[in-house]
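Student: Here the protein sequences line up with chains Y and P, keeping their order. Start counting the first sequence at 59; every next residue gets the next number (the working numbering). Start counting the second sequence at 2; every next residue gets the next number (the working numbering).
Quick caveat, the hints were computed from the structure, so don't treat them as lab data. Check the hints yourself; a few may be wrong.
What the hints assert, rightly or not - For the chain P half of the interface with chain Y, some residues (derived, Cβ under 10 Å), not all of them:
1) ASN253
2) GLY264
3) ASP364
In this text, all values refer to a predicted model and were calculated from it rather than measured experimentally. All residues carry an ideal CB built from backbone N, CA and C; glycine is no exception.
Residue-level listing of the chains:
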Amino acid sequence: MARAPLRGWDNGATMSTRPDAAPQPGSTDPQILRNFCIIAHIDHGKSTLADRMLQHTGVVDGRDMKAQYLDRMDIERERGITIKSQAVRMPFTKSSGDDAGKVYILNMIDTPGHVDFTYEVSRSLEACEGAILLVDAAQGIEAQTLANLYLAIDADLDIIPVLNKIDLPGAQPEKYAAEIAGIIGGNPDDVLRVSAKTGQGVEELLNLIVDEIPPPKGDPDAPPRALIFDSVYDTYRGVVTYVRVFDGKLSHRDKIKMMSTGAVHEMLEVGVISPEPVKASDLGVGEVGYLITGVKEVRQSRVGDTVTSNIRGATEPLGGYKSPVPMVFAGLYPLDGDDYPTLRDALEKLQLNDAALVYEPESSGALGFGFRIGFLGLLHLEIVRERLEREFNLELISTAPNVVYRVEMEDGKDITVTNPSEYPEGKIDKVYEPVVRATVLSPTDYIGTIMELCQSRRGQLIGMDYLSEDRVEIKYTLPMGEIMFDFFDALKSRTKGYASLDYEPTGEQASDLVKVDVLLQGEVVDAFSAIVHRDNSYAYGVSLASKLKELIPRQQFEVPIQAAIGARVIARENIRAIRKDVLAKCYGGDISRKRKLLEKQKEGKKRMKMVGRVEVPQEAFIAALSTGDADK
Amino acid sequence: MYVHVPFCSVRCGYCDFNTYTADELGEGATRASYADTAISEIELAAGTLDDAPPVETVFFGGGTPTQLPSDDLVRMLGAIRGNFGLVEDVEVTTEANPDSVTPESLATLRDGGFTRISFGVQSAVPHVLATLDRTHNPANVPQAVRWAREAGFEQLSVDLIYGTPGESMADWRASVEQAIELEPDHISAYALIVEQGTAFARKVKRGEVVMPDDDETADKYLLADELFSAAGLQWYELSNWARDEAAQCRHNVLYWESANWWGVGPGAHSHIDGERWWNVKHPAAYAQRLTAGESPRHDGETIDTATAHVERIMLETRLRSGLALDALSVGARSSVSDLASRGLVDLAGDRLVLTRSGRLLADAVVRELVD
Chain Y
59 MARAPLRGWD NGATMSTRPD AAPQPGSTDP QILRNFCIIA HIDHGKSTLA DRMLQHTGVV
119 DGRDMKAQYL DRMDIERERG ITIKSQAVRM PFTKSSGDDA GKVYILNMID TPGHVDFTYE
179 VSRSLEACEG AILLVDAAQG IEAQTLANLY LAIDADLDII PVLNKIDLPG AQPEKYAAEI
239 AGIIGGNPDD VLRVSAKTGQ GVEELLNLIV DEIPPPKGDP DAPPRALIFD SVYDTYRGVV
299 TYVRVFDGKL SHRDKIKMMS TGAVHEMLEV GVISPEPVKA SDLGVGEVGY LITGVKEVRQ
359 SRVGDTVTSN IRGATEPLGG YKSPVPMVFA GLYPLDGDDY PTLRDALEKL QLNDAALVYE
419 PESSGALGFG FRIGFLGLLH LEIVRERLER EFNLELISTA PNVVYRVEME DGKDITVTNP
479 SEYPEGKIDK VYEPVVRATV LSPTDYIGTI MELCQSRRGQ LIGMDYLSED RVEIKYTLPM
539 GEIMFDFFDA LKSRTKGYAS LDYEPTGEQA SDLVKVDVLL QGEVVDAFSA IVHRDNSYAY
599 GVSLASKLKE LIPRQQFEVP IQAAIGARVI ARENIRAIRK DVLAKCYGGD ISRKRKLLEK
659 QKEGKKRMKM VGRVEVPQEA FIAALSTGDA DK
Chain P
2 MYVHVPFCSV RCGYCDFNTY TADELGEGAT RASYADTAIS EIELAAGTLD DAPPVETVFF
62 GGGTPTQLPS DDLVRMLGAI RGNFGLVEDV EVTTEANPDS VTPESLATLR DGGFTRISFG
122 VQSAVPHVLA TLDRTHNPAN VPQAVRWARE AGFEQLSVDL IYGTPGESMA DWRASVEQAI
182 ELEPDHISAY ALIVEQGTAF ARKVKRGEVV MPDDDETADK YLLADELFSA AGLQWYELSN
242 WARDEAAQCR HNVLYWESAN WWGVGPGAHS HIDGERWWNV KHPAAYAQRL TAGESPRHDG
302 ETIDTATAHV ERIMLETRLR SGLALDALSV GARSSVSDLA SRGLVDLAGD RLVLTRSGRL
362 LADAVVRELV D
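Starting from the given sequences, assemble the full structure and let the hints guide the process.
Tutor: Listed below in structure tokens is the structure:
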């Protein structure tokens with residue numbers, strides 16, 4: 059099972075029978091439409107606010123209210139984050155101003171809140187005319203929120219600043235209102251104060267959305283153009299594609315065309331989510347809804363693509379389409395080699411609703427048969443791994459994640475390295491590594507420690523801005539490989555959790571990089587190879603060898619561990635042979651107990667991976683690589 | 002037959018045996034009434050087992066059996082003799098604390114049919130004994146041994162413990178040498194095991210005592226094996242050494258050969274024809290059951306063929322007589338030559354026998370031999 063279906067899908071959606079005769083999809087005057095999203099950091103209360111709006115507009119009654127209605131996947135719910143966006147149509151009767159009593163249609167588009175999904179965020183923003191900037195009144199704005207805010211400003215969205223959680227005893231609305239005003243301009247008094255938890259200020263916010271956010275514009279008579287801002291695989295209906303119509307009209311009778319590929323699909327259904335799917339005959343200018351075409355893989359209906367009609371379709375797509383580029387790679391191997399086919403099938407299924415997931419089979423001398431998998435980032439990796447283990451009951455070994463390197467050989471060949479063990483030998487001219495622009499927001503107290511951390515990760519300071527007297531925004535260029543593994547943890551622990559981080563890939567840089575291999579008993583273990591900067595390679599090798607010494611249990615023979623660059627050994631450790639593995643005493647009453655212990659030991663052994671003759675615990679493959687200075 | 006005596010003068014911190022220091026544990030479980038209670042289980046056993054053959058070995062363990070009057074121990078042995086009969090060359094052992102015997106009590110036991118005595122010596126070094134909470138005076142040990150010999154015990158064993166926190170290699174050597182000077186027929190030497198739930202385990206957890214590293218404990222084993230061998234004591238099970246075959250503890254050998262035995266007493270384990278069971282643990286509950294005419298059995302398990310196979314490998318691999326290769330599955334047999342080439346086992350005809358270093362890795366060897 060990939061994703062819980064929305065209630066209603068299994069029986070087919072029904073036409074709305076809402077008694078208040080709200081304007082129907084397809085025939086809604088764009089003038090009464092308001093498309094908006096909420097930009098917020100994890101924990102700042104976005105989902106609670108969304109819940110409250112659904113309740114207030116009567117779209118969901120209290121009885122049906124599941125906390126965080128819009129986040130459907132288990133993992134999302136557990137982590138309290140939204141990975142995939144959703145759109146909900148809410149009729150709202152204005153309760154203040156000259157137009158009090160008039161019915162408007164608010165489309166709330168939910169956005170993912172994590173750095174790995176920046177592209178998806180940008181597409182969701184593109185579907186809106188305005189954004190609510192939601193900030194926790196006890197914590198202030200965070201780096202990812204700031205990054206998304208800049209995306210929203212770049213997309214010309216109207217911003218409504220809102221402070222949430224004003225009911226909390228630790229709330230400092232004055233301070234953070236001033237901070238927000240400093241960032242987006244305007245008067246601190248204009249920052250709306252709400253408590254999504256108690257509902258205070260929510261009605262005022264809904265009225266403000268109508269007043270502040272402009273209605274969508276578009277040409278109703280032009281060939282249809284709709285932007286795909288989300289695409290979700292549903293077990294019952296196939297792929298459900300979420301779109302925002304810019305021009306013309308998408309009708310349920312149309313054949314549609316994906317403009318990036320030219321692929322034509324039969325339209326089976328169009329509709330809106332309110333919050334259950336409601337079938338419609340059309341979606342008109344400015345409207346937000348879903349369409350179902352019967353395609354089975356989300357990659358056939360990609361976020362950012364433009365949908366038009368097959369006959370008399372548009373010739374120019376809406377701008378900004380990019381296909382997702384994996385930034386991080388890792389090898390995933392079944393602990394039990396017999397599970398390889400299960401892993402392959404599981405990846406195929408996951409790919410149905412994850413267009414960003416790419417993989418290819420690979421084999422490792424140490425780990426056997428598995429897959430090299432490309433991810434958007436580390437969170438994406440973690441989510442995929444967790445879903446594979448949870449939904450498909452697999453036990454997996456993950457190699458340490460790495461970025462993609464580009465190697466230019468002296469003979470002019472250009473080699474892309476997604477797996478350190480495939481790093482070329484021979485005459486290398488230049489090696490390029492991806493870099494990111496990282497933004498850290500933090501109280502000013504930690505400037506020194508943050509700079510020290512960034513320097514130690516080969517960072518180059520771009521600049522520093524004070525958001526307020528005691529909060530600062532620090533920008534660095536950092537090699538992506540240096541921030542992949544434990545940078546965020548190190549940042550959090552050094553700033554007592556106060557700093558927040560955002561980054562975006564900005565290109566590549568030539569660097570003096572080398573491959574460090576690990577040898578167990580003289581044999582290279584490919585799964586431990588890593589590419590590191592030459593200046594750090596010695597320290598890295600020493601630290602990795604000693605870490606492995608701790609992680610690998612003593613065996614019946616001596617296990618020399620070496621770290622090497624090419625043929626040059628840079629570090630060595632030795633795991634002494636175990637000499638005693640026996641319980642001295644075994645009399646009548648001990649026999650059952652001893653037998654059970656034996657069975658338990660054999661179980662434990664199954665969780666080890668044999669690398670040559672050496673039993674290596676599965677954690678070693680990933681834990682060994684956390685040799686950064688996070689804990690120092 | 003095993004008879005458990007759940008009384009001690011002091012509870013040792015490391016001990017996880019079912020034993021109590023109080024005189025009164027409730028009706029039927031006082032020291033005074035214990036022998037009668039145990040005798041009623043012996044009678045129950047006789048009633049349960051039809052056509053049981055005469056008993057080959059009896060072992061009184063504890064606890065400290067010699068906390069009971071010798072007459073009581075003799076009376077319990079008499080009940081076994083009366084209900085089952087004893088073979089002519091029966092081995093009857095009691096464990097004893099060097100401080101809890103007198104020339105008279107030893108004579109009573111010997112005259113009453115006990116043939117073998119095993120003294121819990123543990124160490125010759127006062128600070129090690131103190132760490133173990135052993136209260137006996139090490140100076141009393143040679144005297145107790147002399148009395149036992151004078152009483153006519155031909156088979157005399159001492160128990161030693163090594164690997165106690167704070168025990169140096171020299172301490173251990175002193176204990177081994179002193180044990181050898183006692184000229185016992187048999188020595189058992191165990192590495193100290195920290196058993197969960199003991200006072201000792203709590204001390205380790207709190208960091209009050211630090212367990213020695215396994216390599217040092219391995220060295221102590223090797224030292225003991227060397228010194229015992231030089232003194233004419235040969236290993237026959239990996240923690241047991243005997244002067245000759247006659248000096249081996251036949252009772253324990255029967256355990257390791259998966260023979261039938263009945264364990265009498267609270268918490269005692271029994272094994273009869275593939276059924277294993279154990280009695281209720283608390284002496285008062287045990288006594289109540291028997292007083293009510295009920296079986297004191299608490300729980301049990303059936304040893305199926307696969308389990309019996311595992312147990313056989315687990316137990317016989319530990320013996321100097323070794324494990325018959327035909328006891329192994331085809332798959333396991335293929336790893337034997339690998340074990341031999343790694344110096345862990347010797348092949349003696351159709352049996353495999355642990356080498357000296359193999360004995361220290363016996364559990365690992367067993368894991369490789371069990372499918």
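Student: The structure should be examined with respect to each hint, and the outcome stated for every one.
Tutor: Okay, the hints, checked on the actual structure:
1. ASN253: 6 Å, holds
2. GLY264: 6 Å, holds
3. ASP364: 5 Å, holds
Checked against the numbered hints given earlier, this structure breaks none of them.
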